[in-house]
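Q: If you read the protein sequences in the order shown, they are chains A and B. Residue numbering for the first sequence follows the working numbering, beginning at 1 and increasing consecutively. Residue numbering for the second sequence follows the working numbering, beginning at 1 and increasing consecutively.
By construction, these hints were calculated from the structure, which means they are not laboratory data. Among the clues, some could well be false.
[Unchecked claim] With a cut-off of at most 20 Å between alpha-carbon atoms, the simulated SDA-like pairs for lysine to any residue come out as follows: (1) B:Lys217 - B:Pro282; (2) A:Lys191 - B:Leu22; (3) A:Lys224 - A:Ile311; (4) A:Lys191 - B:Trp50; (5) A:Lys224 - B:Trp50; (6) B:Lys201 - B:Ser228.
For reference, the chains in residue letters:
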Amino acid sequence: MNGEVNMNEIKAAPSTSGTDPKAVSRRTFIQSLGAIGVGAIFFSAGADKQARGQSVSTYIDSLSTEQLTAMYTDMLKIRLWETKIKDLALKGGFRGVAHLYVGEEAIAVGVCSALRQDDYIASTHRGHGHLIAKGGDLKLMLAEITHKATGYCKGYGGSLHITDMSLGILGMNGIVGASHLMGAGAAYGIKVKGTDQVVVSFGGDGSIQGSFFTSAANSAATYKLPWISIIENNQFQIWVRCSDVYGIKDLARRADGYGIEGRVVDGNDVLAVYDVAKYAVEKARAGRGPTVIECKTYRWYDHYGFQGSKIGRDGAFGLGYRSDQELREWMAKDPIPRFRRFLVNEKVLTEERADEVVQEVKQTVDDAAAFAEAQPVPKAVDGLLNVFAEGAVPLHKS
Amino acid sequence: MPKSMRYAILEAIQGEMRRDKLLTLLYEYQRPAARWGGRSINLEAEFGRWRARFSAIDENWIVGGALGMSMIGVRAIAHIPSMTTLIPYELMFNHAGKLRHMTGGQAAFPMILWADMQGRASFQAGQHADAGLESCYARLAGLKVVIPSNPYDAKGLMVSAIRDVDPVVFCHYSVPTSGPDVPDEPYTVPIGQTAVRTEGKDITIVGYAPQTVEIAKAVKQLKQRGISAEFIDPRTLAPLEQVMETIIKSVKKTGKLLTSDDGSYSFCNCTEIIARAAEAVPGTKFKRLAFPDAPPPGAPEMINYMRVGAADIVTAAEKMVRG
């Protein structure tokens, strides 16, 4: 494999098409993807050649109506929950901070839909989407973001560090690149345990240059660990443009140097992401080693906070490091309406049902905001707890 | 010939690997194998390569991998060589030490950073003769730091470290073999429990690892000169609360605290011990002996001059006691 495209392997992957009587033949999805110009192109990242080809999927075929609807719902949850945070923060008095994921929803949902409940993910500072896609509770998340006592981390963590370990989430992580290493370590642990779980490490385009990624990738390749590294290339490392700090265009090509298969996928196409993620997950589960998947996407908001954004309007405009025109072009590739068009075209959802889903998610988000607002703040003295498993550390104020 | 420090540590790990079928050791080139008398330990041969795994020269993998493993309930030991003590510092600082707190108690890292330490040996120089870096880890929240001075303590502290649910940095200095014989069976030396090596009433002397050799010599010489010194080996450097109870009790009795450290003078670990004793026992006399704030030179003439020896401890103690 080692970075070269292996379409035979993809074609040979087991298909469960037809096992779900409700499932529409998703084969037509791929055709319709191409027909409306949003084709799921992915290719390997060989150092000396790049074979390109249309996705010939078997995995998408097996998605049931329920699964597809759940994917659409999860993407909306991410979008509307984060948009609510932005609006609340701009109103003032919001007890928290956020690195918004809006615009990148297809990646979290596409990848996590390919996972089992007992699989692990290691997340990033921009990880709300990962948590929601893995099953996170919007109420407990919003309570945590606002540092309430009943939030996921009891108010200790906040936005960058929300996690639910019981969902197999090895933490959001404020240190860029660490998710790769923690994830690969967990994948080694899985081999020691002898289970067939897999680990996904999410990281941004900036996460692969530091040594943590090298340590993770080399070990994952050497030991054939059940590890999938998702590089969410949203074009920016804070304000630094990716193309200004990397000598290669497709970051997945780095995988080649470690002996790992690398893939590049349209990160705004949830089905394309799902397809390649499912392939990588099945491969990892079967003991055939790691995959690095680069998902090309775009960050609608600033790196951090809400600069350039307004209540009731999507996106952050007027940021010095990018043009509004560029943002508008990417917003036109919004992954959510794209997916909705497929679902309606393929008669998975009617327009009316799709509208209902939006209203249901809006209600869930409003409920989460009301819940978080009503929650108590932590007891001050609890800051001395949870340093170690037992006891409290002493206070030194008197 | 008693068991060596290294054999005692491997025996501790062997016993725990037999007890905990998931416990795994990651290391780079230092094979987890040793001989003593007619006996030998070889962890890879006994437990297989997955549970005793060498890697590339890659301390970030060894430590980061151990963190990821321990996070999903696979206890792990990360063994790194002595010239790399601080390479995984970021991982220990921002992950091992913080994630339990950051996640409101959800995350746990039952892992051990088994860090080989150097000490002030001649003919090594610069990057291979440093000491005192244990204080870098001891100052980080959420980490426990232990530092054995003899094979008996090494085995007992390693067993305690492995059984602990929090991350433990096990600082392994090479120290000439001394102390009690090491039993074959597993036993624990509890983290936080100091050892009063010699009881005395005139002055309290605190030091650990290679300095215990110098202090032990000094205590004998002081006795010949009519000074009764109480020598305390802290064995644990973090958390320090329980350790300080013993030291403070001693200082209340003697009124004098002398510390001797192979680390550089500024911010050496004994600085913290003195500061805490000063807060707790007003009126105490203090003296801190340590290596200068300089890199270690290779030539024995220079490094031996700079390092604290038994004679320096005797001189300082006499001055403190006789005024």
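Q: So, for every hint listed, does it hold in this structure?
A: Comparing the hints with the structure gives:
1. Restraint check: the Cα-Cα separation between Lys217 of chain B and Pro282 of chain B comes to about 29 Å, which exceeds 20 Å; the hinted pair is violated.
2. For the proposed pair Lys191 of chain A and Leu22 of chain B, the alpha carbon gap of about 10 Å is at most 20 Å, so the pair holds.
3. Distance check on the hinted pair: Lys224 of chain A and Ile311 of chain A sit about 48 Å apart at the alpha-carbon level, beyond 20 Å; violated.
4. Proposed proximity of Lys191 of chain A and Trp50 of chain B is supported: the alpha carbons are some 8 Å apart, at most 20 Å.
5. Distance restraint check for Lys224 of chain A and Trp50 of chain B: the Cα-Cα separation of roughly 12 Å lies within the 20 Å cut-off, and the hinted pair is therefore satisfied.
6. Distance hint between Lys201 of chain B and Ser228 of chain B is fulfilled; the C-alpha atoms sit about 6 Å from each other, no more than 20 Å.
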